[in-house]
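A.B. asks: Chains as they are written, first to last, in the UniProt record's numbering: chain A, 1 to 446; chain B, 1 to 446; chain C, 1 to 446; chain D, 1 to 446.
Please keep in mind that the hints were generated in silico from the structure rather than gathered at the bench.
The beta-carbon is built from N, C-alpha and C at its ideal position, and this holds for glycine as well.
One or more hints might be untrue.
Pair ranges (Cβ atoms, derived) [claimed, not checked]: (1) Glu6/D to Thr362/B: 58 to 68 angstroms; (2) Thr136/B to Gln148/A: 53 to 63 angstroms; (3) Ile397/C to Gln25/A: 21 to 31 angstroms; (4) His117/B to Lys12/A: 44 to 54 angstroms; (5) Asn374/C to Glu128/B: 53 to 63 angstroms; (6) Val13/A to Thr362/C: 25 to 35 angstroms; (7) Ser390/B to Leu30/D: 57 to 67 angstroms; (8) Pro373/C to His441/B: 50 to 60 angstroms; (9) Arg81/C to Thr362/B: 31 to 41 angstroms; (10) Asp289/D to Thr396/B: 48 to 58 angstroms.
Short, incomplete list of chain A residues facing chain B, as computed with Cβ under 7 angstroms [stated by the list, open to error]: (11) Gly63; (12) His224; (13) Ser276; (14) Arg324.
What follows is the residue order along each chain.
4 protein chains.
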Amino acid sequence: MTYNIEMLPREKVFRDPIHNYIHVQHKVILDLINTKEFQRLRRVKQLGTSSFTFHGAEHSRFGHCIGVYEITRQICDNFQRNYSTKKPGDGLWDDNERIVALCAALLHDVGHGPYSHTFEHIFNTDHEMWTRKIITSPETEINQVLRQVSDDFPEKVASVISHTYPNPQVVQMISSQIDADRMDYLLRDAYFTGTKYGMFDLTRILRVMRPYKGGIAFDYDGMHAVEDYVLSRFQMYQQVYFHPVSRGMEVVLTKLLQRAKDLYEHNHMNGFEMPSLLIPFFEEKVIIDDYLLLDDGILNTYFTLWQSYPDEILKDLAYRFLSRKPFKSAKYDHKTKHLLPEIADIVESVGFQKRYYTDTNTSYDLPYDVYNPNSSKSKTQIEIMQADGSLIELSTISRLVNALTGKISGDERFYFPKSMLIKHADDIFSDEYDKFQQHIHNDKII
Amino acid sequence: MTYNIEMLPREKVFRDPIHNYIHVQHKVILDLINTKEFQRLRRVKQLGTSSFTFHGAEHSRFGHCIGVYEITRQICDNFQRNYSTKKPGDGLWDDNERIVALCAALLHDVGHGPYSHTFEHIFNTDHEMWTRKIITSPETEINQVLRQVSDDFPEKVASVISHTYPNPQVVQMISSQIDADRMDYLLRDAYFTGTKYGMFDLTRILRVMRPYKGGIAFDYDGMHAVEDYVLSRFQMYQQVYFHPVSRGMEVVLTKLLQRAKDLYEHNHMNGFEMPSLLIPFFEEKVIIDDYLLLDDGILNTYFTLWQSYPDEILKDLAYRFLSRKPFKSAKYDHKTKHLLPEIADIVESVGFQKRYYTDTNTSYDLPYDVYNPNSSKSKTQIEIMQADGSLIELSTISRLVNALTGKISGDERFYFPKSMLIKHADDIFSDEYDKFQQHIHNDKII
Amino acid sequence: MTYNIEMLPREKVFRDPIHNYIHVQHKVILDLINTKEFQRLRRVKQLGTSSFTFHGAEHSRFGHCIGVYEITRQICDNFQRNYSTKKPGDGLWDDNERIVALCAALLHDVGHGPYSHTFEHIFNTDHEMWTRKIITSPETEINQVLRQVSDDFPEKVASVISHTYPNPQVVQMISSQIDADRMDYLLRDAYFTGTKYGMFDLTRILRVMRPYKGGIAFDYDGMHAVEDYVLSRFQMYQQVYFHPVSRGMEVVLTKLLQRAKDLYEHNHMNGFEMPSLLIPFFEEKVIIDDYLLLDDGILNTYFTLWQSYPDEILKDLAYRFLSRKPFKSAKYDHKTKHLLPEIADIVESVGFQKRYYTDTNTSYDLPYDVYNPNSSKSKTQIEIMQADGSLIELSTISRLVNALTGKISGDERFYFPKSMLIKHADDIFSDEYDKFQQHIHNDKII
Amino acid sequence: MTYNIEMLPREKVFRDPIHNYIHVQHKVILDLINTKEFQRLRRVKQLGTSSFTFHGAEHSRFGHCIGVYEITRQICDNFQRNYSTKKPGDGLWDDNERIVALCAALLHDVGHGPYSHTFEHIFNTDHEMWTRKIITSPETEINQVLRQVSDDFPEKVASVISHTYPNPQVVQMISSQIDADRMDYLLRDAYFTGTKYGMFDLTRILRVMRPYKGGIAFDYDGMHAVEDYVLSRFQMYQQVYFHPVSRGMEVVLTKLLQRAKDLYEHNHMNGFEMPSLLIPFFEEKVIIDDYLLLDDGILNTYFTLWQSYPDEILKDLAYRFLSRKPFKSAKYDHKTKHLLPEIADIVESVGFQKRYYTDTNTSYDLPYDVYNPNSSKSKTQIEIMQADGSLIELSTISRLVNALTGKISGDERFYFPKSMLIKHADDIFSDEYDKFQQHIHNDKII
């Protein structure tokens, strides 16, 4: 099927620090960017609490989304120029797929709310489900724009994001172990944090990408560029995304939202300025309009107001979050995990309710894996195409990738207030502090 | 006078995309960064509405402030190493001034509120006054930290920012035509916008800076680096800070705040969720605690709520702001200025109240000027030191700087809703639209 | 006329630090690169003696030439995509011109010899003439490759370089005040020297370039990017190309070649290993085969051998050049020029023959000029295209460019051995040294 | 022992693309840079034949050597500031070691000749031996400068380079698995080739380096930066240093020098312009003065002359080298190695003498290894210092480094003329060509 897609009279560009310029050529793309739902992404930070560790990383999901669009556009250009289909079923690229790929790339994260991970955990919601709803619900501006392409177009776009779209090339472009999404965020997050770990050679990877029947493969020549991308991804997770201080702020946020929810459920917020935009979430009766009002600033505004609520815990946690007082942490493992209840009790004994002042936080990532037909969440492995057209899986030819394949990386940490680590010589609780501190050695629970 | 300043046991660093690392060596600096007033700067964007044009430019004032601190620290290091005073009055650097310089650098922007320029204009307030108040009022955490140095230290720091501190080297470091403040923001804004105009050779400028009795001069060898800085400054103003689209969003914001204020003053907000944190500003009775609660997110939160107020103008303007629908514009000059009332009337005639849907916006900058003893706002000119120690003013040896000296650059624009530019053939107001459009030619009012 | 140009089965790329990749798509381009005459450019430094000042700037003319090709290719791509001719005479781009443009871009500097400027001055030769000869002489591999396109193709390519090709778009691409040649060398030389002055926004300039009947113009939107390019060019000349130390090495080289020529002419080289490859130049009877053997290494090899010749002056100058002992200098002007003979006499009086140990060196550049119909060397001015298609010359809308327009920048320096500046207290010539030193003050002759 | 080292009145800087500025503060360093032996390094390329693959990589050993000096200087500054020795034997840094470290860093490569690896192989010489000789022989300018520090200073500097200097901190700074030498060349070669694989976070590594009794360790915090360096090193070897095309040029060079040597030994060069500067090498009777005359340009000059010698093989190989006609290659392994004599015979059968037109070339690197007390060439392993001061070897905590530890990486290739791969249908030798081509499949010998 060929859509009759309207082109802009003149290409429009957005200046972008990662891709230099983002080129918009289709009217539907420009219209999508101009919807209120898409513009909301300007008010949701890409990295949540990471900006408390890397102060440059204040960039929003808006830039990332148009970045993913741009990489997808470049892939399509390359595929069309060099691997254009000659006849159905030849495994080459059908450029009629371009517009669905571009729209899915642009919209893949449109359902993200503020501090997604934490917020979803407390309020039992899910950004992927919201992404699909925003695309397919007739009340959104996004849906209305998409329907101008065709009535079934919103569903098609949503199905790419759900991985049920029939063309595997389109699906893998947007979502696979090496896709436009990850390539953009690694480069973008590296740029804004000011670290260098996320750098890899995007231009070269785009040059060696090629469609085949089963999806997307990479020329043998470019193996090292792909390897370098896998390493970059691994390093960004270890160095940036899993940073213990950012997670210390995430724990503060979790506890703060938990306390607010608890208070609301026990009607202890009455008599104060109510967090009206959060009430649907407290009550877990959220409609799409409620969801689309949320952004980082709204949460922060309620935190600001809560600093003058009479509840000491809410007040304290709100202050800790807004004034960046992260919880401290120590690593634990399966051998020391059993000590945590006892240690949490010590924290409680000096006056911190353990429900709100202690927590565990685990950060795990599977940097790369091969396809496993028996797994329910099986990954599309990275295929390298040899000179004679045969495919070979990446980890079989890269010693470094092989070292990461199928192995989860990360750590488990126990979080608590910083004051637990301070000497309290003349304090009534000085024994408890000492006891606590004897459990922490070399950043580990002992 | 020598302060007894406590050093940190180990230098602490912040990863920064501009300076790579920011080095904190004194406890007082770390304590200041950790105050709630300083942390608030994370929630105030550095460039206000510019991020609507350059989506990468979402960085906050927090990073800029510690960047200015870092440049100042590097200047002090250089001065101490190479130009340390031998005896009073020799015009060289007294490193006892370091701590006051560092604190002033760090805190120089601490009084900025959300969308400073626009907000101050509507609510008749002033961030410089607030900066001084935050530093000198005993209720702030910042003041409490500063007083640990000495009782009169807050006043000293404030006086650097007010330009009344006796040592001109310290004052010029923080505030002059080539100071740590401007050098940081040009580089930082260039980085985050993704433009290249703001780049100049900071390392070289720092190398050629040197103290003398009257303040700070630059070695002759480095003249071209200083020249390049002046050009970068000029280009950033023309290309980034004065961008007509950002100003189109600024006009929307101005009108939105104006409408809210008007409604409040006429008691038309009753019955709705009141913007409690703004009320002191509506009533122009603001105390420091009110001021310090404000940030970008709080304004945006009220804008979100106002989208469901029953006032059509407030609602529409809030939507335009949150969904990025900038007003369009055309240039005017002294010859066409007289046409503006008539054109505004046309806008009103098709249904847009001109008080809220038209405005003028002027952006002017004086890129560089020589010292003028007769001017009330006289500038400290940039002095170049020759081999024999004599000084020579920059514009006398740089043809390019000379071309900019004393000459204001910028433009004046008339703003209006985008729909005024669209053909309305079958519209009841089609004649008015035509009339309007005949007044606009080649981006100018005619 | 449409050439039947053979494309490569697969695009070939060269990794390039400036353009990331250089894309070769036509067989004729790859064949030209593989000729021995083109490969010789690897052995000729782009910046001659500048690498004695900026040690990173050791790059050869090879990289620059393929860089100019790449920029030209990108311009053609842009012109073809956006401004393709519809009918003859419409002033738009005819893509049949691409191949002649690409070849001329690639070959425009193929006639450069070692240390071009200096060498040509002493041996009375001219790299532009050699470029044309190499392209049009049947004995070169380059000519043989070009003739595969068509018999008259070498002449066409040469005529682009000579500015006599009929299509002004092609000529201006390669040679005008803002052409592929200059854009490449500014960026490349900035990169390799490690300075930042030569940086400008190439991507943006390429976006706003457009063909018109009279040649190439730039969209009004891109005015500031073009302005920035003009400033970069000015700054690179002032800061890099005119650096007094590089010129001090150039003077040593000039004197060394002069001495060798003098000795040869007086038969004083007999009995030693003769510089066989230079003899045609000493005798000013050079054929193309002689010329194409020359490169930097050959000159340096003879300098190495000359260090063991019995002539003291030749030996000394060869040592100075190979061991980087630049002559020192001071500025003079029309008021002090009359002193130079007298000062040169002082240099001679302490034992340095003035013919070989003193010189003047002037570095002048006209950064930008408007078209002057009365001038024999008139420049093609930079035209900015307004919204309605009318053209406006750059300096009329840029205050900075205006400040440079038509004004020559540079300086005149007198060069002499460094020892002239050293105190020689107990020396028999101490009075002469003192006299000399009294003539130099603040880097100027007085 | 404390040297009385003269400081420069004012620090001198060299503009460097990698380190921005290189800071020279001691007179002895500046004097060493100004010697003729050090200046010779400007005429020896850092990467030999790699510039035939990466045309940007034309940088010389000069820049690398002062880069290693600069990194060493920064390490010393850090050690002095943060880890200055309090009493003998405390394992901290004694800044009296600075000058020997700086000189060894600067001079560690001073014995490199043109195309070192290849040249040494044919002429049976060794750049490390020459480095020591240049430092310790009284006839060099370098030795004379070093002796101004003290009579035994040249020997001390040489002993650092030979790893026999008693202080392991100084030795490891210059030579270990993570030293100033490697850190500079990875960054520098990445910059000039235009690849990104060699990038790592030098600033961070320098921050976490610290002296201890046994040498140099790295803070636990910086483990990932060190890991990233090891990966960069691995990737640069795989991607840049082992590039098959560069090695194809290296083989041409080897064969060319071999042929010249063979001809000289058989007196077949008589009657032509003799390569006078190479004769000592042909005869393997080289004194230091002979060695120091050599540079890249001298070899190239003889190659130019050899193109007109009557020997067809010498002529052809010289043309191939100067005009960049690399031999082609295919991988072999222990299973196919036995086929090589047969395949070489085929090459000979079509007219290429196998002594000069076939070769094997192996590129192997051991990216990282732990200390092995039983090995004669044991490596100093990389030690990570934990919070409590205990050391832990890098590969035990890095999965990626572990994957590389002790494992050699590289490949073995068979080289031959490109024409062997071309179809020769109507050729008398068409059968031989076919036979040859059947042995090559997917870049491998079969």
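A.B. asks: Does each hint hold? Answer for all of them.
C.D. replies: Hints, verified against the model:
| no. | hint | in the structure |
| --- | --- | --- |
| 1 | Glu6/D to Thr362/B: 58 to 68 angstroms | holds, 60 angstroms |
| 2 | Thr136/B to Gln148/A: 53 to 63 angstroms | holds, 59 angstroms |
| 3 | Ile397/C to Gln25/A: 21 to 31 angstroms | holds, 30 angstroms |
| 4 | His117/B to Lys12/A: 44 to 54 angstroms | violated, 28 angstroms |
| 5 | Asn374/C to Glu128/B: 53 to 63 angstroms | holds, 56 angstroms |
| 6 | Val13/A to Thr362/C: 25 to 35 angstroms | violated, 44 angstroms |
| 7 | Ser390/B to Leu30/D: 57 to 67 angstroms | violated, 28 angstroms |
| 8 | Pro373/C to His441/B: 50 to 60 angstroms | violated, 31 angstroms |
| 9 | Arg81/C to Thr362/B: 31 to 41 angstroms | holds, 39 angstroms |
| 10 | Asp289/D to Thr396/B: 48 to 58 angstroms | holds, 54 angstroms |
| 11 | Gly63 | holds, 5 angstroms |
| 12 | His224 | violated, 27 angstroms |
| 13 | Ser276 | holds, 6 angstroms |
| 14 | Arg324 | holds, 5 angstroms |
Violated hints, in rising order: 4, 6, 7, 8, 12; the structure is consistent with all others.
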